[in-house]
Amino acid sequence: MTDIPAKAAVASASNGSVLLTLMKARTFIALIAVLIFFSIAAPNFLSAANLILMSKHVALNAFLAMGMTFVIITGGIDLSVGSIVGLCGMVAGYLVLNGIDLQVGYTIYFNVFEIALITLAAGILIGAVNGLLITRLNVAPFIATLGVLYVARGLALLSSDGRTFPNLVGKPDLGTTGFGFLGAGRLLGLPVSIWILVVVALGAAYLAKYTPLGRHIFAVGGNERAARISGVRVNMVKMFVYMFSGFCAAIVGLIISSELMASHPATGESFELNAIAAAVLGGTSMSGGRGTIGGTIVGAFVIGILSDGLVMMGVSSFWQMVIKGLVIIVAVVVDQAQRRLQQRVTLMQMAKAG
Amino acid sequence: MNAAIDHDVILKLEDVSKVYSGTVAVKRANFEVRKGAVNVLVGENGAGKSTLMKIIAGVEQPTLGRILLEGEEVFFSSSGDAVNRGIGMVFQELNLFGNLTVAENIFATREITNRFRKIDSREQERRAAEFLERLEAGIRPDMLVEDLRIGQQQLVEIAKAVSLDARILIMDEPTSALSAAEVEILFKVIADLKARGVAIVYISHRLEELIRIGDYITVLRDGRITGQEKMKNVDTRWIVRQMIGSDAKDFAKADGHVPGEEIFRAEDICLPRVTGGLAVDHVSLSLRTGEILGIYGLMGAGRSELFDCIMGRHGHATGAIFIAGKKVKERDTTRRIRRGLALIPEDRQREGLVSILSVASNLTLASLSRFVRLFHISGAKENQAVTQMVRELAIKVANPAQEVSSLSGGNQQKVVIGKALLTGPKVLLMDEPSRGIDVGAKADVFRTMRKLSRDGLGILFATSDLDEVMALSDRIAVMSNGKLTGMFDRAEATEAALVAASALGHGPVPHTENTAHD
Numbered sequence: 001m002t003d004i005p006a007k008a009a010v011a012s013a014s015n016g017s018v019l020l021t022l023m024k025a026r027t028f029i030a031l032i033a034v035l036i037f038f039s040i041a042a043p044n045f046l047s048a049a050n051l052i053l054m055s056k057h058v059a060l061n062a063f064l065a066m067g068m069t070f071v072i073i074t075g076g077i078d079l080s081v082g083s084i085v086g087l088c089g090m091v092a093g094y095l096v097l098n099g100i101d102l103q104v105g106y107t108i109y110f111n112v113f114e115i116a117l118i119t120l121a122a123g124i125l126i127g128a129v130n131g132l133l134i135t136r137l138n139v140a141p142f143i144a145t146l147g148v149l150y151v152a153r154g155l156a157l158l159s160s161d162g163r164t165f166p167n168l169v170g171k172p173d174l175g176t177t178g179f180g181f182l183g184a185g186r187l188l189g190l191p192v193s194i195w196i197l198v199v200v201a202l203g204a205a206y207l208a209k210y211t212p213l214g215r216h217i218f219a220v221g222g223n224e225r226a227a228r229i230s231g232v233r234v235n236m237v238k239m240f241v242y243m244f245s246g247f248c249a250a251i252v253g254l255i256i257s258s259e260l261m262a263s264h265p266a267t268g269e270s271f272e273l274n275a276i277a278a279a280v281l282g283g284t285s286m287s288g289g290r291g292t293i294g295g296t297i298v299g300a301f302v303i304g305i306l307s308d309g310l311v312m313m314g315v316s317s318f319w320q321m322v323i324k325g326l327v328i329i330v331a332v333v334v335d336q337a338q339r340r341l342q343q344r345v346t347l348m349q350m351a352k353a354g
Numbered sequence: 001m002n003a004a005i006d007h008d009v010i011l012k013l014e015d016v017s018k019v020y021s022g023t024v025a026v027k028r029a030n031f032e033v034r035k036g037a038v039n040v041l042v043g044e045n046g047a048g049k050s051t052l053m054k055i056i057a058g059v060e061q062p063t064l065g066r067i068l069l070e071g072e073e074v075f076f077s078s079s080g081d082a083v084n085r086g087i088g089m090v091f092q093e094l095n096l097f098g099n100l101t102v103a104e105n106i107f108a109t110r111e112i113t114n115r116f117r118k119i120d121s122r123e124q125e126r127r128a129a130e131f132l133e134r135l136e137a138g139i140r141p142d143m144l145v146e147d148l149r150i151g152q153q154q155l156v157e158i159a160k161a162v163s164l165d166a167r168i169l170i171m172d173e174p175t176s177a178l179s180a181a182e183v184e185i186l187f188k189v190i191a192d193l194k195a196r197g198v199a200i201v202y203i204s205h206r207l208e209e210l211i212r213i214g215d216y217i218t219v220l221r222d223g224r225i226t227g228q229e230k231m232k233n234v235d236t237r238w239i240v241r242q243m244i245g246s247d248a249k250d251f252a253k254a255d256g257h258v259p260g261e262e263i264f265r266a267e268d269i270c271l272p273r274v275t276g277g278l279a280v281d282h283v284s285l286s287l288r289t290g291e292i293l294g295i296y297g298l299m300g301a302g303r304s305e306l307f308d309c310i311m312g313r314h315g316h317a318t319g320a321i322f323i324a325g326k327k328v329k330e331r332d333t334t335r336r337i338r339r340g341l342a343l344i345p346e347d348r349q350r351e352g353l354v355s356i357l358s359v360a361s362n363l364t365l366a367s368l369s370r371f372v373r374l375f376h377i378s379g380a381k382e383n384q385a386v387t388q389m390v391r392e393l394a395i396k397v398a399n400p401a402q403e404v405s406s407l408s409g410g411n412q413q414k415v416v417i418g419k420a421l422l423t424g425p426k427v428l429l430m431d432e433p434s435r436g437i438d439v440g441a442k443a444d445v446f447r448t449m450r451k452l453s454r455d456g457l458g459i460l461f462a463t464s465d466l467d468e469v470m471a472l473s474d475r476i477a478v479m480s481n482g483k484l485t486g487m488f489d490r491a492e493a494t495e496a497a498l499v500a501a502s503a504l505g506h507g508p509v510p511h512t513e514n515t516a517h518d
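Just so you know, the sequences run in chain order A and B.
Those letters in the first sequence? Residues 1 to 354, per UniProt numbering, in order.
Those letters in the second sequence? Residues 1 to 518, per UniProt numbering, in order.
Quick caveat, the hints were computed from the structure, so don't treat them as lab data.
Note that the Cβ used here is the ideal one computed from N, Cα and C, for glycine as well.
You may find that some hints are simply not true.
Some chain A residues judged to face chain B by a derived CB distance under 10 Å, without partners named [to be verified]:
#, residue
1, Leu-202
2, Ala-205
3, Tyr-206
4, Arg-225
5, Arg-233
Please model the entire structure based on the sequences and the hints provided.
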């Protein structure tokens, strides 16, 4: 008599755990689902050439989404990444074409490696501006990065008067050739941008999991006051995440300019929204404290494959937007449901234990 | 003072229980509230008083049991329901909107509007002024609540509850931040309400107060009701016996070790208040190794603020602190922790824990650098430290990877303590370490404090619980209104002297300066 309800409780608890595991793996399941769907529905979808092409598309968003993930985990948001992509692309293009005029009759030209470093530094610097506005001047992250979004975009347009820097092949006698390597080069059969993504993603995932800084990022997002009292340098942590986000955006700016062999000042418009979408799809909580790099990468792939697949199927771009929006909403709804279920399962486990 | 005839019962709780995820807060309570009388509810911290009142006020729903209002069973799904049935409550934690005016706070959710649904501010302020007048508070209804002293805020909260015109009015520690003069006025208002037939439920720690104004008394212990009597039939000793139970409280006994050298000294700590004046007013004290120095004071006395200053949480605080005779020049929390200071904050949820992280991550959050080689956290070293802390503090957790929010209050508190201890502190600041945790966990916490002091730590602990401060401290400092108003050795401290010192600067008498430092 007494052990029947007990058994039922155990059964429903284990059902709960199965469901919970499924929900936790939801982004991965979604990824497999879109892969299967498009390999049936779209011809040539599974060809190696197409897969590599898609990965290159996805990589751009994945970089931004990784930076965004750290920012969101600390409880902030970075709306400026799209503009940083544009501005950094212009910086790279300008340096390849014009070098730096020293105003005394000399012009310094940098080689491609140096240009890449300067561009990355520019991205980090803009991120630092975001960070300073947020930590020192107490501007809300949404507003601070919104302001920087406009400023950076404006600067990008000013740098060329709104024109494109074309034909970035460089001149051999100035040592500025080879800019195309990042976007078009291949190592061991895979595009260079994919290799960079792998390296940065592994680094970021390691940072999140095994370093004090990573732990502090989560602590700041989970409870800023408690983190502060525990001796976490909250301002430094926030500076870091915005600078890292700027760094990721600069990489994307470089890759796009390199792929096109041209820098256009409007590059990267609305990229920030795709990055946020990928992070959220990958399980990052907008209220902070929760998220993983792996999840974000999978999220970026789901979004990227979805849009490329729909293009291949010939679905109208208007419908594509509707579908993308619905996917994001569903992801968040499932996320909330998982949270609730998780709480229930934990309480049940506690009741069983106690 | 007590009416000779019995008062009618207006509200009755039958076999009410309330279970939270970690703990049982109220167990099968039967409680009666009588009309036109002050029904006093008393019990120690965490006995379940506030929970019981929240159930009556509709803020919490009972897990089991029934509520009868004038003989009819009722169910309140929200505090709005309870207000509609004539039940008002003055909360212990102030439930005010700092960014709104006093009048707007008093009429929140019941705004007075004109024909066009526009809020009639003038009428609201006029009516608010009437209520405030009765409280003789000198508060203008158009002032912003955040600009008021904490005691004045409490009066606004009371005015708000009185303005509900409730049949039953619950007051949860209404006097905790009031001065003696303000308390007198409140008692007048209560007498007035009583004469009009309002049933008042009054919760307080101050026994003198209860005996003075109570008509009926109910005592709670560990969520159970242990006594229910007419006030005229009981005395202080009866109350204490019902509160504490037959066996004495489990305060770990002193082991008679002698404190050593001075380990910590604070000199002339001052912290300006935003609203003017000083939240911490020229406080100096010193602490020796192996010594437990209790800081007693009422709510708002400046104890937590003093701790915040010592930890370097306020950039604009002045004064100097010394550890083992050396001046601490570092001004930020991070480096002060490194110098050997650690704080266990009063508010576990808001300041102590990152609730979505695991028990292990919380434990090591403040001391990660200990487990790092280059920049890599060594999982093995970290686990070892976590396991050791879990064992030492007897934290009841199946798996340290579990989220910390799934633990009971007492175990969460142990996690906060463990986090502080892992930083290897020389001086431990504990702010209300026994707040909101069950009896068993309290005893564990006290035992830990004893053990740490034996190991040579200096402990400063702040509390508003007299028994606690008397039983645990080697010396007792008393704070009132931001000032240090007394310093007693355990041998010479009496409850009366502590209470007197804690009320200094609150009274109506203007000459408080002459009683300052000891």
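Hint by hint, here is what the structure shows:
{"no.": "1", "hint": "Leu-202", "result": "violated (14 Å)"}
{"no.": "2", "hint": "Ala-205", "result": "violated (13 Å)"}
{"no.": "3", "hint": "Tyr-206", "result": "holds (9 Å)"}
{"no.": "4", "hint": "Arg-225", "result": "holds (5 Å)"}
{"no.": "5", "hint": "Arg-233", "result": "holds (5 Å)"}
The structure is inconsistent with the numbered hints 1 and 2, although it conforms to all the rest.
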